[in-house]
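*Asks:* FYI, this note's numbering numbers position 110 of the sequence shown as 110, with every residue one higher than the one before it.
A hint or two may mislead.
[Stated by the list, open to error] Calculated cross-link-like contacts (lysine to aspartate or glutamate; reagent style EDC-like; alpha-carbon spacing at most 20 Å):
| id | residue 1 | residue 2 |
| --- | --- | --- |
| 1 | K144 | E254 |
| 2 | K18 | E219 |
| 3 | K136 | D248 |
| 4 | K18 | E254 |
[As the list claims (entries may be wrong)] Label pairs and their computed distance ranges (CB to CB):
| id | residue 1 | residue 2 | range |
| --- | --- | --- | --- |
| 5 | A100 | R17 | 35 to 43 Å |
| 6 | A251 | N31 | 40 to 48 Å |
| 7 | A199 | Q21 | 34 to 42 Å |
| 8 | N127 | G72 | 34 to 42 Å |
| 9 | R253 | A47 | 19 to 27 Å |
| 10 | G103 | Q246 | 29 to 37 Å |
| 11 | G70 | G103 | 43 to 51 Å |
No wet-lab data here; the hints were simulated from the structure.
Idealized CB from N, CA, C, for every residue including glycine.
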Amino acid sequence: MILNLRDLGGYRAGDGRKVRQNLLYRSGNLNLPLAVLAEALNPLNIAMVFDLRTESEVRKHPYTLPPAIGYGHRPIFASLDDGEAGPQLDYPEDDQALQALNGLNLPDLSGKLDNFMTKLYLDMGENPGIFGEIIKEILGQGGKPVLFHCVAGKDRTGILATMILLALGVSREDVRENYLLSNHYRKEEIDRETERIQANIDNPDLVDLITGMLLAKEEYLDATLGFIDACASFDDYAHTRLGLGQGDLEALRERYLE
């Protein structure tokens with residue numbers, strides 16, 4: 001089962017049209033056996049997968065796609081280091097890594113993680129050129145179904161989905177709903193990870209802090225949206241920040257709205 005796999009279709013645009021279904025998919029990581037990926041993706045007729053993870057994430061969790069599906073590695077960030085010489089802020093995947101957090105200073109860790117996540121979203125809003133490039137590549141697929149993903153399918157994937165839906169004229173309310181739905185589609189994983197965290201972390205406040213990394217949060221999305229709100233319109237943001245011309249936006253709407 002592919003985590004957080006869903007279709008962007010079905011939302012109503014401002015001009016009354018709806019986003020076409022079965023063409024634009026988003027998900028979490030695809031590091032699953034080839035047979036599982038084939039069973040899940042082949043029926044969707046996926047032509048291209050865009051992998052938004054960093055180089056180190058790809059090396060850590062590689063996967064192989066069915067032969068009919070193209071692959072494009074399009075990292076949103078070169079790395080997830082906290083600054084040029086800072087530590088790698090990976091999510092603690094094993095129990096030993098979780099237990100090691102018990103000895104850290106909670107206020108320092110809290111500030112570091114909050115600042116780290118906010119910084120990611122601010123950067124995606126201020127420097128979204130890679131999203132514009134991916135949108136152009138999606139257009140280049142000629143209307144064939146595509147899928148894009150990161151690790152959990154909530155942050156980088158959530159912002160690319162946000163940019164696409166806003167470009168199609170979907171309301172801010174529906175865009176926000178689509179972003180927050182990651183918490184619903186990942187509920188079993190969140191519950192399972194919360195139990196593991198509680199079993200390895202002594203401090204309840206630290207438990208809350210670490211489990212918070214599993215969630216899509218409105219305040220993070222708002223950090224990105226603030227850069228869009230600073231422009232006269234989304235189209236203006238698309239022109240000046242995403243690098244999308246009016247022809248690109250019109251082509252996107254013609255192809256993905258009905």
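*Asks:* All the hints need checking, so say for each whether the structure fits it.
*Replies:* Verification of the supplied hints:
Straight-line distance between C-alpha atoms of K144 and E254 comes to about 14 Å, which keeps the hinted pair within the 20 Å bound. For the suggested pair K18 and E219, the alpha carbons sit about 27 Å apart, so the restraint of at most 20 Å is broken. Pair hint K136 plus D248 holds up; C-alpha atoms about 7 Å apart against a cutoff of 20 Å. Pair hint K18 plus E254 holds up; C-alpha atoms about 11 Å apart against a cutoff of 20 Å.
One distance hint, 35 to 43 Å for the beta-carbon pair A100 and R17, is violated here, with the actual separation near 52 Å. Checked against the hint of 40 to 48 Å, the C-beta distance between A251 and N31 comes to roughly 33 Å, which is inconsistent with it. The given range of 34 to 42 Å is respected by A199 and Q21, whose C-beta atoms sit roughly 41 Å from each other. N127 and G72 have their C-beta atoms about 20 Å apart, which leaves the hinted 34 to 42 Å range violated.
The hinted range of 19 to 27 Å is satisfied by R253 and A47, whose Cβ atoms lie roughly 20 Å apart. Checked against the hint of 29 to 37 Å, the C-beta distance between G103 and Q246 comes to roughly 55 Å, which is inconsistent with it. Between G70 and G103 the beta carbon distance is about 45 Å. The supplied range of 43 to 51 Å therefore holds.
Checked against the numbered hints listed earlier, the structure breaks hints 2, 5, 6, 8 and 10; every other hint is satisfied.
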